[in-house]
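**Q** If you want the building blocks of each chain, they are given just below.
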Amino acid sequence: MKPGPVDVKSVFAKALEKTDARERAIYLDDTCGQDTPLRSEVESLLMAYNRADGFLPSPDLDPAVTLDSAAMIEGPGTVIGRYRLLEQIGEGGMAVVYMAEQTEPIRRKVALKLIKLGMDTRQVIARFEAERQALALLDHPNIAKVFDAGATETGRPYFVMELVHGMSITEYCDTNRLDTHRRLALLVQVCSAVQHAHQKGIIHRDIKPSNVMVTMHDDRPVPRVIDFGIAKATNQRLTEKTLFTRYAQMIGTPAYMSPEQAQMSGLDVDTRTDIYSLGVLLYELLTGTTPFAPRTLEGAGYAEIERIIRETDPPRPSTRVRRLGQDLLNVAQGRQTSGEALQKLLKSDLDWIVMKCLEKDRTRRYETAHGLAQDIERYLRDEPILARSPSIVYRLGKFTRRHRSRMAVAGVVAVLLIGLAAAITMYRRSAKAGRVQWAKGQAVPEIAHFVDQQRYSEAFALAKRAEKYIPDDPTLAALWPHICRDYSITTRPSGADVFYRGYDAVDARWEYLGRSPLDQITLPQGPLRWRIERDGFVAHECVVQRSFEVRLQPQDSTGEMVWIGPWQKVELPSSAQAQNGTVDIPEHLINKYEITNEQFQAFVDAGGYTNANYWEGLDFIKEGRQLSWQEAMAEFEDQTGQPGPAMWENGTYPQRRERYPVSGVSWFEAMAYARFAGKSLPTVYDWERAACLEESFVIVPFSNFTPDGTAPVGSHPGVGRTGLFDMAGNVREWCFNATDDSGELRYCLGGSWGSRPICLDTRIAVHRGIARRRTGSAVCGIRTRANP
Amino acid sequence: MSDVTRILNAIERGDARATDELLPLVYDELRLLAAKKLSHERPGQTLQATALVHEVYMRLIGDDSTGWDNRGHFFAAAAEAMRRILVEHARRKKSRKRGGGRARVNLDELTLSITGPSEDIIAVSEALDKLATTEPAVADLVKLHYFSGLTLDQVAQLQGIGRRTAVKHLAYARAWLRREIDGANTPHSG
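Residue numbers (the numbering used here), protein chains in the order written: chain A, 787 to 1574; chain B, 164 to 353.
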């Protein structure tokens, strides 16, 4: 055996040089000797080499990028996870639905919903996972179960559901010409499904005819609500994005959207959003149209749709059918009645019930789906409904109608009074016993379970309800200290309305606490989200887990500002910067949101690029050469050569992007803008103080680090105790400071969309950028500071 | 000096965090550029993948005076980014085949598709990962050559090896990868 280390690579190379087979064998004998593992290794490589002809050819010849349209690639026969697609059974705006076969652990047919458009699959799955346990608890004859969710090989999310054969509820009713009573009876069943889900903590968020299927069971129609948990996972909100990139496909969806969902910052959604959508469904079942005609919504822009849904009162069903004109006959016949009779039928009770669901102010809607169902049932039994303000004449009218044949009018009043009193007493007694039983048997174990899972908000809400019925219960008393803590909230000026919700319950409704100052208020443990509002002042939203004070700032035309208190920073030496010492930072104001395109447009329109005052004292250096101001201005052009940010065209921002942060600006433009606004750029220290770096673990998960691009400012609730939006993610923000004496590199902080969410506390320096395109300014934006 | 150059310099100084920053930046830039091309070209047009990398290089680093050492980090990141893009593409293509080749034309959902250095880019990519555990330098050489589109001379210069060694390493890698992929396909070939 030859001495020295034996390297497979070099033995292989040498052997390869010996083209003659005998020579090669001799060489291998010589080199490897008895070392058979080495020899077989090299020999197998040599054999592989002979097979490698044409394998991995030189890259210059082959790799090419072609552009093609490979959009929908899954189809019948495709296997996705444990499911094999059989046939397409439906197609909507966001998704294609297939009948699919599952082979393990059980063999069954399922519906597989494949999301079409580019969504952040990880987020979709994560949101689904967050609700999976709750979804598993759904068990109701009118609910189709969601079994599973996952991602395809190509990275698209999918959901697996119970397969429901049937047609949509409106289609079923119309095909079978159901009269109004039978339509109402179906909706009562839908309500009970929704009620069940609400009790398990699931909000549907997307109730519409295509999500309520009717199947036949022993010749009886059974409505089944599908897609529970999917709207939340796919986060279908009425945003500019969903609206405008998907409008063509989502026809009908805005029609069923509640006012609070339509709101751009529509995070605050609770069970009453479903009540609203049930109201729209009821409206459509009764009148054949939705409260706002799809045509009206279709023709409107985003802002207009939002305004219509939030502000316009739809016509009552009876008014709507009266206005149907020629269509009235069709609609009435489809309900086995005449136009006149249908109008009469809807007028009064049904009008009231529907309109109570459609209240803009959700506190005036039915509290629960059950409440709605009960009222419909009361109507069906000719009893007084709750939706209507109960006048004695109205009640009397109902009473006599029910007992018309048997009752002499003279006896009515006496019987009514006695009967009513007795009924009320009995009702109260039995209801109280039932509630105590609920509190002890159901609520308390559930509270303990919530505490166990650190779901303090839910525990707290339930404990509050249970306490009313079992104030002295020892188990509940022992649980309280685990559930809550005391908070004091002061504001300057005082008299602000204070709301709160759980930190991660960004979809929950804001709970009203009271007017500031608030002293020693008992609330759930864990970080909470706060909202402080006072007329004439910037609304403040923050995440804090202790008592705090807020200095509210007056509304200001140049952008909403937030107050940041004074502090002292101890600067530690780092690898990049060998500084050491302390820095005193005085109190200051800083923009609540990143400067938007719309705000920057004001600067452009006011001649920002042609007014030398804003640029005074800035030395423009390009490739070592000092540029004059005019020369420098010529560099800051948009994609069409007009002065403006690099992302703009024709001197303005892309359509409907007014609330998006301005990006593609150099440090110079950030400086000029700040001067125009009467403000300045924050220093690194101002910025870092305001960003609450030590709280990045609460901020980053709710910030825009998605690969999809920028988002409207404030649409991601990643805030810390200071209450600033989008400090992390979305776009980076220019700071005043240079990193060295040359002044060419300036800090641009906070990370951006598409970057890894580690960037909040990483100081990133960017070339301040005469040549913006080459310096990565595409993800750089602006946030300004001011003195109080 | 651009953002990327600054990151490269930071890597040079041994700032480990900087490496984390580079790949996403280059990856984003590659995809952005591809998307931009997409908006200007008609479907079916062909672009050189290697040209794409070089254009990104010019945009991000350009004529900034950067040593070859430094550029190595960029091309390593670009190779990795391009490999990911190629594998993503291949996965998509693979599923399309299974789906019976049904491709619906939807102009809103134009996606970038690439024909890579091998039909079976996924297998190559997986095999490369294995090779990298025992012979990281050889695996890097393959990536730089095939995914970043550097000539063998350039790769040799970057890796500080002679051209002859580079040729030998490439031959070794091709044999090794071929064997690995064949082995994976026929696990009991004896």
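Treat the hints with care, since some could be wrong.
[Stated by the list, open to error] Straight-line Cα separation of at most 20 Å, DMTMM-like style, residue types lysine to aspartate or glutamate; simulated pairs:
{"id": "1", "chain 1": "A", "residue 1": "Lys795", "chain 2": "B", "residue 2": "Glu243"}
{"id": "2", "chain 1": "B", "residue 1": "Lys331", "chain 2": "A", "residue 2": "Glu827"}
{"id": "3", "chain 1": "A", "residue 1": "Lys795", "chain 2": "B", "residue 2": "Asp292"}
{"id": "4", "chain 1": "B", "residue 1": "Lys293", "chain 2": "A", "residue 2": "Glu1244"}
{"id": "5", "chain 1": "B", "residue 1": "Lys331", "chain 2": "A", "residue 2": "Asp839"}
FYI, nobody ran anything at the bench for these hints, they're computed from the structure. On a predicted model such as this, the values are computed, not experimentally measured, just so you know.
**Q** None of the hints should be skipped; say for each whether it holds.
**A** Results of checking the hints against the structure:
no. : hint                  : in the structure
1   : A:Lys795 to B:Glu243  : 24 Å, violated
2   : B:Lys331 to A:Glu827  : 16 Å, holds
3   : A:Lys795 to B:Asp292  : 18 Å, holds
4   : B:Lys293 to A:Glu1244 : 48 Å, violated
5   : B:Lys331 to A:Asp839  : 16 Å, holds
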